[in-house]
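Asks: Here is what each chain is made of, one letter per residue.
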Amino acid sequence: MLSDSEPYVYKKVVTVVFGVLSPKMIKKMAAAKIVTPELYDKEGYPVDGGLMDVRLGVIDPGLRCKTCGSKLKECTGHFGYISLARPVIHISFISVILTLLRYTCMECSRIMLPSAKVEQYGDRLKRLGKDKGPDVMRKKLKDLITSSKTAGKCPYCKAKQKKIVIEKPTTFFEDDKRISPIEIRSRLEKLQDADIELFGLNPASVRPEWMILTVLPIPPVTMRPSITLETGERSEDDLTHKLGDIVRINQRLFENINAGAPEIIVEDLWDLLQYHITTFFDNEVAQLPPARHRSGQPLKTLTERIKSKEGRIRHNLTGKRTNFSARTVISPDPLLELNEVGVPDIMAMKLTVPERITEWNMDYLKAFVKRGPKAYPGANYVIRPDGKKKKLTEDTIEASIEELQPGYIVERHLMDGDIAIFNRQPSLHRMSMMCHKVRVLPNKTLRLNPAVCFPYNADFDGDEMNLHIPQTEEARAEAELLMLVDTQMISPRYGLSVIGCIQDAISGNYLLTRSSFSMPREGAIDLLASIGVTDVSKLPKKEVVSGKEIFGVILPDDFSFVGRSKSREEPEVVIKNGRLVSGVMDKNNLGEGSGLLLRNLHKRYGKQFALDVLGKMFKLGVALLMKRGFTTALSDTDLPKEAKDAIWNVFGKAEQDVAELISLYNSGQLDMLPGRTLRETLELKILEVLNKARDETGKIVAMNVASDSHTIVMAISGARGTPLNLAQMAGCVGQQALRGKRIEIGYAGRTLSSFKRDDLTPEARGFIKNSFKAGLKPAEFFFQSIVGRDALMDTALRTPKSGYLYRRLANALQDLKVEYDGTVRDSGKRIVQFTYGEDSIDVSKSEGGVLNVKRIVAEVTEKEKA
Amino acid sequence: MKKIDVRKHLLVPRHEKLSEKEKDEVLKSYSATTDDFPRILKRDAALQGINVKFGDMIKITRRSLTAGQTVFYRVVVLS
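Chains as they are written, first to last, in the working numbering: chain A, 5 to 870; chain B, 26 to 104.
It should be emphasised that the hints constitute simulated quantities derived from the structure, not laboratory data.
There's no promise every hint is true.
[Stated by the list, open to error] Calculated pairs, DSSO-like style, for lysine-lysine (alpha carbon to alpha carbon, straight line, at most 30 Å): (1) 84(B) with 821(A); (2) 833(A) with 84(B); (3) 78(B) with 143(A); (4) 78(B) with 136(A); (5) 134(A) with 78(B); (6) 28(B) with 833(A); (7) 580(A) with 611(A); (8) 153(A) with 48(B); (9) 28(B) with 121(A); (10) 48(B) with 130(A); (11) 33(B) with 134(A); (12) 77(A) with 16(A); (13) 134(A) with 48(B); (14) 48(B) with 27(B); (15) 136(A) with 67(B); (16) 620(A) with 448(A); (17) 67(B) with 833(A); (18) 27(B) with 833(A); (19) 136(A) with 42(B); (20) 143(A) with 67(B); (21) 144(A) with 172(A); (22) 42(B) with 821(A); (23) 53(B) with 821(A); (24) 134(A) with 42(B).
[Said to hold, decoys possible] Which residues of chain A face chain B? A partial, calculated answer using Cβ under 10 Å: (25) 831; (26) 834; (27) 838.
Quick reminder that beta carbons are idealized off the backbone N, C-alpha and C, glycines included.
The following block holds chain A by itself, in its conformation from the complex (with noise of 0.2 Å):
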């Protein structure tokens, strides 16, 4: 470690180069020789030249390590080296030894390229190796070869070439006859620099004949270290465990060697020192039975701990756990504002900001100190200038407090107004990780605004959220300017606001708004009040005012808009001068991503004014409705006798309607469709019967249901449900689909027992003509369950593939970015798109994608007058 006093030397990175080691420099970077399987002797000490050899580095706390004299964790280890009795391929190097045998001569090692060609082809190809890469440039090299006339004869010295064929994994046949490790590498050896560089192998790094091992590198035992159990027992890594198989077995041919054993011996251990070094190195070969424990269990080994999603890239480089952050069930709180988060005072208690203290903060960070961790603002640590870290307890507050001085560093409870960025996963788009400010909460769960669950795609059935505490003043501003709920309110992705009312909002704004809708002054006082709305000077004088004038209160007085609304009676919304003229607000202005009201507030107001009026917006639809009461009944599905009547004899002629069209289709005289068969025809025309019945019966449902209930009231706002949820419930619920036709799975010919065969009658292809409420037949539940449970799959299958598809996706475009000249470019600077999204507009600052130049120009014109 430098210490400060020591100079800092830098130095530029110029290029980074890969290569294979060769045997020379595996001896020379190895800090011992290991000869021995065992690894410890009888006092339970490493033994000298074993696997856990005292000079690779330490594992105990408190030694020193042998070869460099550093302690734990200073030391990061040094390898060992093994000599192996007979040379052993490297599995990783299977595919390029094999394309260096096959195309280069096995008398005079030449690559099987005329010295013309490769003068010809040369340069290009070491070309298509720096853009591509190697692998590329491998396979344009195989074509060169196996395309020229003399295949299959040297070009050099005219020697026939034998086929040389791979048996999976590491053995190599010449016309059926077996060539050795210790043959491949002399031929290997023999290779001239020139020839390898158009293999796309640099020689200086790669000698071909460095692939096949003659000394097998031994890793530091600092990257397998063993574990101590609580028995007292120690448990080895599993590359340990490997090694000790490679060493065991090596010494075993050594001695069989020189003992002069035969040759099928010989060979035998050969092989088996091959397959443990490929399963050390990979243990998920194809062809290849996994090393095991003696549990069973595979062995995690070299490629194991880096590949895949558990391995060292994905699991801890790219996914690094952190400190300062919480996670617990989300719950909503509708008198939070909207940038705000709840937090439970227990985990204010343990999230900490870090302050420093100065001379003019010292008294207020003393006091946090003195309360210590135990009280609520108090603090959890102290940290001196020298980084030293001291943590309060009761016995340590008194000393602390004495030593606080400038420079100090007070880790601080949690309080109102701190930054904190809040999370959901999947973390599909950015507005899923936005900024919020702190409110510290009794109970035990995180509390968000109800009208922020879209962006997050939140709801309160038991979902999770996390929160993390910046804890840097960069990052805290980064997070406030950048993050902010407020910021995030326009979407990127289509313009509009991505945060508004929800569900009781949206309802109890729609019955405010309505022009039935009158209270006393007084009350609409009171209800203003109850949202912290104080200022009512815009409320006409008189005794009753309408629901519109309340709305319009917290409407800014310059304001002005024409949209449209879900409503049929007064589509038409017209705002002007902040007063609502005409319209009701439903879920097409106050909902999120539909209408431009909430988009033009943010326009002209900006960020912080839009987002505090949608969110008096809320509270207004919430507050009207703990005042009038809001609520669900079975009794808003009942239908007078007349209505019920007539569902029954849409019914009947509906039904008529298909015997018909079945007896049209078995006396043959349907008329077909094109591009149908009959039979094809013959449901396509059902279908449309029952489907204009169901509608119908919708039409009724719709027309006799009282219009106050609060079923149709939510319908209609668009806050939950549809006017065809309510006709399932009161009416009928419908011809049930499955993959768009009627369902005609079962048995043969029939869907379920108790219908004949062939039977093509509405109520034997699924067909319920009975309401939720009314209940459904056992044939009716059935085909019911049958779509549900269909549908149930459908998600569940569906949600795993879009992830990883989205997963690619977003690998591939992650480094894009749009440039000062308006392209699009890669990391590479190469161009993708000539103008972003072909019309350069940032959607996030356009309105639903596109521009609205008409109000440009009047505003540019205005300036202009003015």
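For this one, chain A is given, so just place chain B on it according to the hints.
Replies: Then chain B, alone, in the frame of chain A:
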């Protein structure tokens, strides 16, 4: 069988070869080299009938959902 000229098809955007001078201008305006540009194969169906060689620049004029009409450039490569 009737031979169909794909270039006349409604879904095939207009492909034009740029002159060397025009090509240099385009390269300069994006301050890029031909290596940074998207590529098109010489044997691409839309280029049959136009006399192109390696390194030529093709201007493609497409209909666009967002911008009405948009231009795109590609550099001819052999394989």
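Asks: Has the given pair, residue 67(B) with residue 833(A), been kept, meaning a C-alpha gap of at most 30 Å?
Replies: The hint holds at about 24 Å.
Asks: Within a Cα-Cα threshold of 30 Å, do residue 78(B) and residue 143(A) meet the stated pairing?
Replies: 25 Å, holds
Asks: Hey, residue 136(A) versus residue 67(B), does the alpha-carbon distance stay inside 30 Å?
Replies: 19 Å, holds
Asks: Would the hint on residue 834(A) stand, with a C-beta cut-off of 10 Å toward chain B?
Replies: Holds, about 5 Å.
Asks: So if I understand the rule, the pair passes when the alpha-carbon distance is 30 Å or less; does residue 28(B) with residue 121(A) pass?
Replies: Roughly 39 Å separates the two Cα atoms, so the pair is violated.
Asks: Between the alpha carbons of residue 580(A) and residue 611(A), is the straight-line distance 30 Å or under?
Replies: 21 Å, holds
Asks: Has the given pair, residue 33(B) with residue 134(A), been kept, meaning a C-alpha gap of at most 30 Å?
Replies: 39 Å, violated
Asks: For the restraint on residue 831(A), tell me whether the closest CB of chain B is nearer than 10 Å.
Replies: Because about 12 Å separates residue 831(A) from the closest Cβ in chain B, which is outside the 10 Å limit, the hint is violated.
Asks: With the threshold set at 30 Å, check whether the alpha-carbon distance from residue 620(A) to residue 448(A) stays at or below it.
Replies: 27 Å, holds
Asks: For the pair supplied as a hint, residue 53(B) and residue 821(A), is the alpha-carbon distance within the 30 Å limit?
Replies: 20 Å, holds
Asks: Taking 30 Å as the top limit, are the C-alpha atoms of residue 134(A) and residue 78(B) close enough?
Replies: The given pair, whose Cα atoms are some 23 Å apart, holds under the 30 Å limit.
Asks: So if I understand the rule, the pair passes when the alpha-carbon distance is 30 Å or less; does residue 48(B) with residue 27(B) pass?
Replies: Answer violated: residue 48(B) to residue 27(B) is near 36 Å, above 30 Å.
Hints 6, 8, 9, 11, 14, 18 and 25, counting from the list given before, are not met by this structure.
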